[in-house]
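Novice: So the sequences go chain by chain: A and B. Per the numbering used here, residue 1 is the first one in the first sequence, and the count goes up by one each step. Per the numbering used here, residue 1001 is the first one in the second sequence, and the count goes up by one each step.
Worth flagging that the hints you see were computed from the coordinates, not collected in a lab. Note that the structure is predicted; figures quoted are calculated from it, not measured. All C-beta atoms in this analysis are idealised placements derived from N, C-alpha and C, irrespective of residue type, glycine included. Each hint should be verified, as a subset may be incorrect.
Stated by the list, open to error - Selected chain B positions facing chain A (Cβ under 8 angstroms, derived; list incomplete):
no.	residue
1	Ser-1010
2	Leu-1014
3	Ile-1018
4	Gln-1021
5	Ile-1025
6	Arg-1039
7	Val-1043
8	Thr-1045
9	Ala-1049
So you can see what is in the structure, the chains are spelled out below.
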Amino acid sequence: MTEYTEHLIKAPRRDATDKARYVWLVIVPLIAILSQVYIPRFVSFLAYLELPLLVTVHYALSRGGPISALLYGMAIGLAQDSLSHQPIGMFGIVKTLVGYFAATVSVRFEVENPVVTFILSFFFYFFHQFFYWVLARALLGEAITFDAQQTLMFGLLNAAVALPLFRVLDKLKVAQ
Amino acid sequence: MDFFLSRYRSLTVLLIVIATQLLLIAYQVKTNKDVPLIRVWAVTTVTPAEQGLELVRRYTWGFVEDYFVLLGVRSENEKLKHENGTLKIENHYLKSELSTADRAQALSVFKAQSPSTTVAARVIGNGTGANSKVVFVDRGSASGVESGMAVVTPDGIVGKVVDAYPTASLVMLITDPTFAAGVVSQKNRVHGTLKGQGHSEPLVDYVQNEEPVDIGEWFYTSGDDRIFPKGFPVGQVRAARNGKTFKEIYISPSGMQGGVEEVLIVLEGVHQEIPEGVIASPGYKILAPPTVSSSDSQAAAGTTAAQATDADRLRQIYKQAGASQNHVFGEGTPGSKPPDFTKIPNLRGGAAPAGSANPAVPGQPGVASNSPAGPGGAAAPKPAAPAVPPPNSAPNKSTAGNSAVSAKSPAPAAPGQVAPASVPRPKPQAGTPIADPGPADGNPPSETTSAPAPKADRAAPSVPLNAGPSVPRVQTPASQQ
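Could you build the full structure based on these sequences and the hints that come with them?
Specialist: Spelled out as structure tokens, the structure:
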């Protein structure tokens, strides 16, 4: 069997794998956004659970590419903006930055470590909330307050949720 | 430039993306316009999934919720069933308590009004024996109960105590075959012996066939048995027929209507009078007597209690006639001349006495207020309107022709004249309580002749008519009304 023949045999399987990977790249953030807009109807405090952010961080940490991560974050952010009453681009900018920085630091840290995952998740949640507050005040002029204590507490919550969520997403990636 | 882009490609892309989004935000803020295209895409993508999620939730979570709700409904249904049963039992209990309270109130009222000393008791059990009609009550010798005491209810007699124990007593009901008590009928005063028959209707025995007993007539205790005080109601006659030797009179006992639950044991009995008139059946409410109107009260002002009936007034007329002739009733010897009653005016009611221009004028004392003159002046005197003429008043000429007593009648006899031995009794005529003037020889009726019994007026109890002083009416005990 020549190398060319071997390439022909393996090529369709790779296309199917890539197609499944792209589907999951769409479905997972969709589920995350859907959960964010749907679950708080029944459990109000879960509105602080930023599943789209966690999906962005996971994508940036696991995929490694800063450009794809920032684009991925931008897409998720814009989708969030589309379902909010804010001007489109607020969450887009924040998640773009989160994707970019998460992909940047993933090169320097062992992201498979749960502790690192926890710390990075906590940090990016805090960064996300803080930067959103800055943008809201700077660009929109909204006089909203930043509750650092509450943000830290919910940062811990999101980091705690990120650990099992990242495991599930890793298994999905391995399955692909 | 190319070097910068290739070396800092990701940073360049980041800046471009950030700048683009900043421009987008600036545009939206500056123009206050939205970017509907992006929103439509997002909403169109998300909302169907959201609807599906809601649909799934509704049918899954709703089903689970309904399941648990139904579980709750089932347990609640069982709880309500249990509560309903409890309430039913409580309702029956309260009804029973209410009935008991009514009976207890009747007992207390009767106890307060009855002159006899009684003690209330409750039936706590029946005696043994198929034909035995005995019950146990919860009062015994410790409460002063002794054998032979009467047991009654406000409606009538129930039985008598046959054994008294410290805490309970054995009461023989009037339906027991060995029970006996002396009774008397209300209307005809027929005495008899009440005997239990083992069923619900005891028998009144030893009543002669000739004795009149009416259906529905009340029997009362006569007090002859020295157990039951006189005057307690026994029951009404349900059936009365002639027997071989005595009448067979069956009584519906009034004291045992609806069962016996609470009774009164008569510790010290006081005889009472047999009430007159028709008494209402137990359980029926009777209205108070109507109030006397002013005209009636004025008309009755000149009437004494002794003149309440036609017989009383007639007797008063004869007395006045005798007094006007100086005759003293009861002192004449046989054969002496009686008073001349033919000179009594207005005997037929048609002749008004002198000084009474209009006998039917209401409001005048001694004048009938409600007795219109009939055709020809034959007015029937009414009980409440005694037309007592003056002793020497002349009859009204206009009505003298219709009067049985006219001015042509013989002169009154002098005192001391011997009355005839045989005096015909005046024949009572329906609607006319006037005695026949007497034989043609002019002999008036003697003083021993009783006036015809007037029709009994239900409003005014009849008074026994005799020559002596009027008998005071027997007052019906309030408890037996």
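Novice: Against this structure, judge whether each hint is valid.
Specialist: Evaluation of the provided hints:
no., hint, in the structure
1, Ser-1010, "holds (4 angstroms)"
2, Leu-1014, "holds (5 angstroms)"
3, Ile-1018, "holds (6 angstroms)"
4, Gln-1021, "holds (4 angstroms)"
5, Ile-1025, "holds (4 angstroms)"
6, Arg-1039, "holds (4 angstroms)"
7, Val-1043, "holds (7 angstroms)"
8, Thr-1045, "holds (7 angstroms)"
9, Ala-1049, "holds (5 angstroms)"
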